[in-house]
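Go by the hints and put chains A and Y onto chain G.
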Amino acid sequence: MKKLAKTITALSGSAILLGACGNAEQAEEESFELNWSTTPSYSTQNPTESQANYIADKVSEFEEDYPQVELNTDLQSTDIDESMTRLLEQANTDRAPDVAAIDGYFFPRFMDYLQPLDDLFDEYEIDIDDYLPFVQDVLTGDDGQIYGLYMNTDTRVLFYDTDVVEEPPTTWDEAIATSLEIQEEGYNGLIFPGGRGEGTAVTTLWPLFWAQEGELVDEDGNPTFGEGDNYDKMLNVLQAVNEAVESGATPQRVSSYGGENDLNEEIAGGDTAMFLGGNWQVSFLRETLGDDFDSWAVAPLPQLEEGQFATSAGGWAWGIFAEEEEKQEAAFDLINRLFVGEEGMTEWTNVHGGLPSRTSIYEAEDLEAGEFSDTFREYLEDANVRPASQHYNEISNQMQIAVSEVISGGKSPEEALDDAWAVVNEGE
Amino acid sequence: MNTSNKRSALSLTLTKGIGNSPIPWLIPLSLILLFVFLFPVFEIIRYSFTDASFLETDYSYTISSFVRLFTLPGFYQMLIVTLIFVTASVFFQMFFGFLIALLIDKGQKLNLKGTVMVRTAVLTAWAIPGVVIGIIWRIMYTETPSGILNYLISFVGVDIVPFLSDPYMALFAVTLANIWRGTAFSMILLYAGIQTLPKDVMEAAKIDGASAIQRLLKVMLPMLAPIILINLIIISIDTFNTFDMVMALTGGGPGQSTEVIALSIYNSIFREFNLGHGAATAVVLLTINVGMTIVYLRVLGKRGAA
Amino acid sequence: MLNKKQLLFTKIFIYLCYGTVLVFFLFPMLWVISLSLKTQQELFATPPAIIPTSFAYENYLHVLENSNVLLYLRNSFIIVLFTVIFALITAIPAAYAISRFRFKGKSALLVTILMTQMISAVVISIPLYRLFAEWGLINNYVVLIIVYVAVVLPFSTWFLKGYFDTIPYELDEAAIVDGCTRFQILTRILIPTCLPGIVSVTILIAVQSWSQFVIPFILLDNESFYPVSVGVMNLQSTQQTISTHLLAAGSVISVLPVIILFVILQRFIVGALTSGAVKG
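Quick note, the sequences are listed as chains G, A and Y, same order. Each residue of the first sequence is one higher than the one before, starting from 1 at the first, in this note's numbering. Each residue of the second sequence is one higher than the one before, starting from 1 at the first, in this note's numbering. Each residue of the third sequence is one higher than the one before, starting from 1 at the first, in this note's numbering.
Hints in this document: simulated from the structure, not taken from any laboratory. Because the structure is a prediction, the values reported are computed rather than measured. Certain hints may be false.
To be verified - DSBU-like mimics (lysine-lysine), calculated; alpha carbons at most 30 Å apart, straight line:
{"hint": "1", "chain 1": "A", "residue 1": "K206", "chain 2": "Y", "residue 2": "K4"}
{"hint": "2", "chain 1": "A", "residue 1": "K109", "chain 2": "A", "residue 2": "K199"}
{"hint": "3", "chain 1": "A", "residue 1": "K218", "chain 2": "A", "residue 2": "K109"}
{"hint": "4", "chain 1": "A", "residue 1": "K109", "chain 2": "Y", "residue 2": "K5"}
{"hint": "5", "chain 1": "Y", "residue 1": "K5", "chain 2": "A", "residue 2": "K106"}
{"hint": "6", "chain 1": "Y", "residue 1": "K4", "chain 2": "A", "residue 2": "K199"}
{"hint": "7", "chain 1": "Y", "residue 1": "K5", "chain 2": "A", "residue 2": "K113"}
{"hint": "8", "chain 1": "A", "residue 1": "K199", "chain 2": "Y", "residue 2": "K5"}
{"hint": "9", "chain 1": "A", "residue 1": "K106", "chain 2": "Y", "residue 2": "K106"}
{"hint": "10", "chain 1": "Y", "residue 1": "K4", "chain 2": "A", "residue 2": "K109"}
{"hint": "11", "chain 1": "Y", "residue 1": "K11", "chain 2": "A", "residue 2": "K109"}
{"hint": "12", "chain 1": "Y", "residue 1": "K106", "chain 2": "A", "residue 2": "K218"}
{"hint": "13", "chain 1": "A", "residue 1": "K106", "chain 2": "Y", "residue 2": "K4"}
{"hint": "14", "chain 1": "A", "residue 1": "K199", "chain 2": "Y", "residue 2": "K11"}
{"hint": "15", "chain 1": "Y", "residue 1": "K4", "chain 2": "A", "residue 2": "K113"}
{"hint": "16", "chain 1": "Y", "residue 1": "K11", "chain 2": "A", "residue 2": "K218"}
{"hint": "17", "chain 1": "Y", "residue 1": "K11", "chain 2": "A", "residue 2": "K113"}
This is chain G alone, in the form it adopts within the complex (with noise of 0.2 Å):
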């Protein structure tokens, strides 16, 4: 009996659906719209024409295959953490959209708004082991359910130009020697984000930090970075930037660069031979020195001591907030062919370049890897992400603003990084 009501009902669904094929009134009773929140780069707004062909293709692809689906497009700000911001009051209001991007240090704030997409995940075939290690992290709730999907991820290493400098320094001293070698040539000496923006958290400082196992939040997310020895590590941090500048190694105006593409201009004039940056770079650095670029190559960021090592990762995920199921499934599929799938992932690494979350992705057939991407790749297996404390920004945004004032000489490392702490630890 059972058996018999589960075929009629089977039955009727499939009667349905083909009814729906060929009544259009049908199919409009039972559409519904599907809010996609989405940041310019990752729409078809995207500046890079290859790019917004190649996610207007993906999505045209998508509307035929789910006509009862009415897909707008809510563009978010460049501008991230305010981006986040909003995204983030917009799901305490609940007006959260169905499905949106979220950058990757700010996902697990996400978690309490977000579905869990395990089903999703077996459905479509997706082996959350085969993301790498801190993409794990990241995707995996508390409760040990899966929030979201990532995409391509990002990492920070030191560029150097081989023609100028034979080995890459692995130390922060001899970074320091080398960059003042480089410049009795003539080039310029190592230059690095040193600004007010979050590129100058996560290229210079938290690396250095997190290499000597300094911890910026304890595990209720409460900010640490000002007491014990994380205290020190920090100082420590503050004290080798210090050091870089006083020397000349380092050149005063980083102080006005925060991001790592602020960089590129300087880049782009040629007499750069060493830089810290995002991978990202290769593209740009490609583009602009030609056959220059040959003789480049990366090297993991110097460290404070011999031996240590630390980079951030970076990247965004898309998370559902969307409860229907319908939605959730629609959200999924669009995410997927996008961006996640293995061809989504793979094709989409092809035009947009940057570093596949997936490692499986890596081997993939049609991969047409970056240059260096098997040395991103290796980093990345040990790479740390930002802490997902809601301390995290007012962290971030004063440790840039210590770093821009002990590199424009306002403050020394000792009162910049008092200060920082005084500000971070009297807003509880």
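Leaving out everything else, chains A and Y in the frame of chain G:
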């Protein structure tokens, strides 16, 4: 027969019809102002007495935001930065605005060619949105040899000037860009003032043998005093409230050396999610705004009495 | 003879000053135009070339095709247009009432209006953001324009009130004798007579709304609704793909329409502003 008598007589003839009370005429204005100003001001004061985070709906009432604001490093520096930015911007905007207004006035009297062009050139700066001005000046201040200002300065034998990476230079750089932006407004206002000066007084002073400088200081400036004061207050308030240009130019850095009060409010709330703290800073700005209004009213009152 | 010599010196002196003023005010714009016509290679040449040799106008095509500058411009025009219309509809009757009626609390009302003029837009935008977010009105042009109107209302009302005050009351009287209602007095007599003042205030509202930053920046969070004053920010932060020459081209496109408008209308604008400044 004075006007008020006339009016009361007339108002008798106008007692019928709905148009005869001022209230309906004022309703749209009042509603909009109540909704857009009164409610938010009340809210921001309320938030300033809470520990609210921008991201959470729960909060409790406390005065810790103010305590924190007044005791933490950075607050007084921010006030000083704002004060320097405002004072220098306002002074030089008016100074250059007045000079250019005088030049244009003189040029017009002499029928010089190019007067209109100068006037237009200055005016266009006024029509450019602040963010674009910030972007333009950031490009000009580039601290490498390909930066145009640094290139030009190198002719006088000066090495690279750290326009944006030295705390003091950055404040100077931001202020200079703001002077560029705001001079047009002062120029137009003062130019208008100069046009209204009675010609006979100026002529009389000339015949009396007063030198150009004397005429300027003893005759022109006193007569222009009211409009100068109004100009002063309008642009002071505008400068206190602005941050778009600074945001695009330096983002407040290096450190907090160019973080003016309005930018600080924005950063507290949208970067650090500290609604209570940001609201407390906003209340400080509001107090400055109200203080300026009182000064303005005093000035206006005196002007009316004179 | 001496007088002529003096005059010549004065002229030369003024021209020198004009030159300095022109350089100071035009140079930044000209430099950006120059950058916008350079190729990436030329951009970083040292010493920098003042006049671009490659005349890379394709930068403009690139920006037009790959960014939303035109959309931002369109949004700005829509916002400014409606702000002007609604601000005038609200301010004219209010200014009329304040100018022509005698009522209790009039000076208090004037002071209150003035007070609102002084309040920073940052202060009001944040509570409004929270409120609009709760009501689902973020990215809604109607409420956005109401806020824009509120910001320009105080000075518009004061300004128009000042202008109406200069029109002799005898004119109203004559109209009343002819049997006009108040509304007719306003529309048939005061508005036509005060047209220059209304034009001045329109220009002031338009310029202020055009460069308004804080309000759209906080009350809009969808990029496709941004006006130019906020949208160009996106050009700056997507530098990953857009570098200085393109940023320069984007900046030029975003200010060009208004600069052209200013140059064409400049005589008119100055006239309107000077008459306004004196009356207000």
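Distance restraint between A/K109 and A/K199, which requires alpha-carbon spacing of 30 Å or less | holds (12 Å)
Within a Cα-Cα threshold of 30 Å, do Y/K106 and A/K218 meet the stated pairing?
-> The given pair, whose Cα atoms are some 37 Å apart, is violated under the 30 Å limit.
Holds or violated: Y/K4 with A/K109, Cα cutoff 30 Å?
-> Judged against 30 Å, a Cα distance of about 15 Å means the pair holds.
If you draw a straight line from the CA of Y/K4 to the CA of A/K199, is it 30 Å or shorter?
-> Cα-Cα ~22 Å, so holds.
Keeping to a limit of 30 Å between CA atoms, is the pair of A/K106 and Y/K4 held or broken?
-> With Cα atoms ~16 Å apart, A/K106 and Y/K4 stay inside 30 Å; holds.
Distance restraint between Y/K5 and A/K113, which requires alpha-carbon spacing of 30 Å or less | It holds: about 19 Å lies between the C-alpha atoms, which stays within 30 Å.
Please work out if A/K218 and A/K109 have their alpha carbons no farther apart than 30 Å.
-> With a Cα-Cα distance of about 21 Å, the restraint between A/K218 and A/K109 holds, given a limit of 30 Å.
Pairwise hint evaluation, Y/K106 against A/K106, where the allowed Cα distance is 30 Å at most = Judged against 30 Å, a Cα distance of about 42 Å means the pair is violated.
Hinted pair Y/K4 and A/K113, Cα distance within 30 Å | It holds: about 18 Å lies between the C-alpha atoms, which stays within 30 Å.
Hinted pair Y/K11 and A/K109, Cα distance within 30 Å = Holds, at about 11 Å.
Given the hinted pair A/K199 and Y/K5, is their alpha-carbon gap at most 30 Å?
-> Judged against 30 Å, a Cα distance of about 24 Å means the pair holds.
Is Y/K11 within 30 Å of A/K218, Cα to Cα?
-> holds (24 Å)
Violated hints, listed in ascending order, are 9, 12; each of the other numbered hints is respected by the structure.
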